[in-house]
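Asks: So the protein sequences, as listed, match chains A and B. Residues 83 to 349 in the numbering used here are what the first sequence spells out, letter by letter. Residues 12 to 386 in the numbering used here are what the second sequence spells out, letter by letter.
Calculated from the structure, these hints are not laboratory results. Ideal Cβ placement from N, Cα and C applies to all residues, glycine included. It cannot be assumed that every hint is accurate.
Said to hold, decoys possible - With a straight-line Cα cutoff of 30 Å, these simulated DSS-like cross-link-like pairs (lysine-lysine) come out:
1) B:K118 / B:K85
2) A:K172 / B:K112
3) A:K175 / B:K28
4) A:K172 / B:K76
5) A:K118 / A:K145
6) B:K28 / A:K172
7) B:K123 / B:K112
8) B:K326 / B:K178
9) B:K85 / A:K175
10) B:K85 / A:K172
11) B:K76 / B:K28
Said to hold, decoys possible - Among chain A residues calculated to face chain B with C-beta under 10 Å, some are:
12) I224
13) P228
14) D242
15) H244
16) T245
17) L246
18) E248
19) S252
20) L253
21) G254
22) A255
23) S256
24) W257
25) R259
26) T260
27) R263
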Amino acid sequence: MKLRRPKITLSATIWLLLGAAYFLLPLVGTFIFSLKSNQTGKCCTIASYTWVVHNGDFWHTLKLSLTLALETIAISLVLFVPTVYWVHLKVPKLRPVIASFALIPFVVPPIVLVVGLLDVFRGTPQWFYGTPQGFLVAAYVILAFPYMFFSLDAGFRAIDVHTLTEASQSLGASWPRTLTRVILPNIRAAALAGSFLALAIVLGEFTIANLSQFNTFPIFLQYTNETQAYPAAAVTLMSFGLTWIAMLSLLYIGRKRGGTPQLTGAR
Amino acid sequence: MPYLELQGLHRHFGTVKALNGIEIALGEGEFLSLLGPSGCGKTTALRLVAGFDRPDAGRIVVDGKDVTRVAPSKRDMGMVFQAYSLFPNMTAAGNVEFGLKIRRRSKEDRRKRVLDLLELVGLGNAASRYPHQLSGGMQQRVALARALAIEPRVLLLDEPLSALDAKVRVQLREEIRRIQLELGITTLYVTHDQEEALAISDHVAVMSAGVIEQMGTPSEMYTAPSTPFVAEFIGTMNRLESTVTDNSSGEVEYSGIRLQLDAARGRTAGERVLVLVRPEMLELEAAADGSAVGPNQLAGEVLTQTFLGPVTRLKVNLGAGAGAGAGLIADMSTARAAALPVGARVVARIPTEGAMLLSLADDGRERPVLDPDNP
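Let the hints inform the model, and build the full structure from the sequences given.
Replies: In structure tokens, the structure reads:
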């Protein structure tokens, strides 16, 4: 029997177009705006893009923010994957407690967070306190905590952690081997989701970087916006595209080399 | 000398005594089933042997060595779980190969062993499939191959068939037994299915409330249960609470009816006993006038008929005289059962030599209540 393709109704099409317009119109508007000349204000020139590409600060701050994002992701995964694994395996009663802690970064405004962190870390060595790779990454790990925790938590809940762990151990695997060879590959999607969110947060974080006086990409973007309107639109679009490229790169690196993970098992 | 010994194992979870001093001694290459209802402690015992849990007291000895405190990864015990436990990120071959990689076996050696084992469990053509591409039965076969790959000292199976449908369950249990005999591997098998346990085991240990009620060969367990619990748990059993009236002739009284039983000879007069009769031992006949009762006969009325394939099971109501709800279950050929429709008056003859007798003296232990119709 030939399967009929589901029919898309008129109302569904209208809602789809409305949704698409909501997301695409600002991008189209920004794009048109970015094509205007900085001198005459008339369309169309790629001068703004040329200016951005030849701007050293653009590349410098972008590189810094990407480095900070990767550091944040690496530290978050190293910290949270074993923690969430252990909580699911050994102390499931602690899960709601950690989940409530994970909500704190949502509740505490970034301004309060940065003032507190600057005070707490004041006595720490200069290589930590005075560099974005130290202080900012520490702050970003805190900011990424809820996103990373809830993503990983969902991933661990989707697999039978106990049975997989015991099966691995009965075959002679140590704890590290069980974690890296059995558990991690099966929560890859969750770890990637957490990493995407952490990347997006770091590439867009302004308050903490500004108050702790580090020149990250969002600071450059804000400065450009204040001084040159048309190149600022170009920077915005380019950062949007670069964020997508970064996310696709993460997806490529963490791509699946097997079948669809089994999400459930009788127990 | 026993190969696997569980010596006085105790395990408490809060106030619950999951295991209360169980003792098991199993010879090399033997197959023992731990059988019991949910919560009897059978899986706890298996997990202690696997090393996933530690006993509060007692020892686990394998081949003369105490392994009670040895980590599960160092015990060399192959385990097949109730839940589908294959690693979803690995193919069937990858799963079987996992333990061999840990043991640093050469690539060629690994490849050969993986193929041999997949052939052994009948999945030689499924090596490159992922778990989600396999049926439940196939997944459990791969799990068995994976457990066998490491050449375990003891094979542990924790209700491996419970998630499978009836036909696959029968097929796979026979294959498990075939492979176990072929490899001569000492096996501990946990199940709540008495038919499964009787079909494939050298020995069966029936557990209840954290203790082993009885351990013996499947035939012993069926024909000579030592406690009322075992009698009811293994197969279906008719139970008649009676009193010994004459110990020399072997006479007991059940609801005012005297029964002559070989097993009652030598018991103490006045002793409260449980007369146990298997449904297939009962002889059921239509009662000519509806009330005539001869020696060892109980009168009643057919309440239900259940077609079981080779036989038909009849439930007979013994009436108010035998106590509220008192009844008997009898199995007979379907052809004979046709002559005894629902509502027919019948007499059931208790065989003199086939009935078993157990003392009703209470040993003070709490045991789960079983439904005699659905043991």
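Asks: Against this structure, judge whether each hint is valid.
Replies: Hints and how they fare:
1. Note on K118 of chain B and K85 of chain B: the hinted pairing holds, with a Cα-Cα distance of about 22 Å set against a maximum of 30 Å.
2. Under the criterion of a C-alpha separation no larger than 30 Å, the hint pairing K172 of chain A with K112 of chain B is consistent with the structure, at around 27 Å.
3. Note on K175 of chain A and K28 of chain B: the hinted pairing holds, with a Cα-Cα distance of about 23 Å set against a maximum of 30 Å.
4. Distance hint between K172 of chain A and K76 of chain B is fulfilled; the C-alpha atoms sit about 29 Å from each other, no more than 30 Å.
5. At roughly 27 Å between alpha-carbon atoms, K118 of chain A and K145 of chain A fall within 30 Å of each other, so this suggested pair holds.
6. For a cut-off of 30 Å, the pair hint linking K28 of chain B to K172 of chain A stands: about 21 Å separates their Cα positions.
7. Distance restraint check for K123 of chain B and K112 of chain B: the Cα-Cα separation of roughly 13 Å lies within the 30 Å cut-off, and the hinted pair is therefore satisfied.
8. Only pairs whose Cα atoms come within 30 Å are accepted, and K326 of chain B paired with K178 of chain B is accepted, the gap being roughly 27 Å.
9. Under the criterion of a C-alpha separation no larger than 30 Å, the hint pairing K85 of chain B with K175 of chain A is consistent with the structure, at around 29 Å.
10. For the hint pairing K85 of chain B with K172 of chain A, the CA-to-CA distance comes to about 20 Å; that is within 30 Å, so the pair holds.
11. Restraint check: the Cα-Cα separation between K76 of chain B and K28 of chain B comes to about 26 Å, which is no more than 30 Å; the hinted pair holds.
12. Of the supplied interface hints, the one on I224 of chain A is violated, with its beta-carbon coming no nearer than about 31 Å to a beta-carbon of chain B, more than 10 Å.
13. Evaluation of the P228 of chain A hint against chain B yields a violated restraint, the C-beta minimum of about 27 Å exceeding 10 Å.
14. Interface restraint check: D242 of chain A against chain B, minimum CB-CB distance 6 Å, threshold 10 Å, status holds.
15. With 10 Å as the threshold, the beta carbon of H244 of chain A comes within range of chain B, its nearest partner Cβ sitting at about 9 Å, so the hint holds.
16. Because the smallest distance between the Cβ of T245 of chain A and any Cβ of chain B comes to about 5 Å, under 10 Å, the interface hint for this residue holds.
17. Interface restraint check for L246 of chain A: the shortest CB-CB distance to chain B comes to about 7 Å, inside 10 Å, so the restraint holds.
18. Taking 10 Å as the C-beta cut-off, the interface hint given for E248 of chain A holds, the closest approach to chain B being about 5 Å.
19. With a cut of 10 Å, the hint placing S252 of chain A at the interface with chain B holds, because the nearest CB-to-CB distance is about 4 Å.
20. With a least beta-carbon distance of about 4 Å to chain B, the hint placing L253 of chain A at the interface is held under the 10 Å criterion.
21. Interface hint at G254 of chain A: satisfied, since its Cβ lies 4 Å from the closest Cβ of chain B, which is below the 10 Å cut-off.
22. Against a cut-off of 10 Å between C-beta atoms, the interface hint on A255 of chain A holds, since the closest Cβ of chain B lies about 6 Å away.
23. Residue-level restraint check for S256 of chain A holds (minimum Cβ-Cβ distance to chain B is 6 Å; threshold 10 Å).
24. Taken as an interface hint, W257 of chain A checks out: its beta carbon lies about 8 Å from the nearest beta carbon of chain B, inside 10 Å.
25. Of the supplied interface hints, the one on R259 of chain A holds, with its beta-carbon coming within about 7 Å of a beta-carbon of chain B, less than 10 Å.
26. Proximity of T260 of chain A to chain B holds as hinted, the smallest CB-CB distance being about 8 Å (cut-off 10 Å).
27. Taken as an interface hint, R263 of chain A checks out: its beta carbon lies about 8 Å from the nearest beta carbon of chain B, inside 10 Å.
In terms of the numbered hints stated before, the structure departs from hints 12, 13, listed from lowest to highest.
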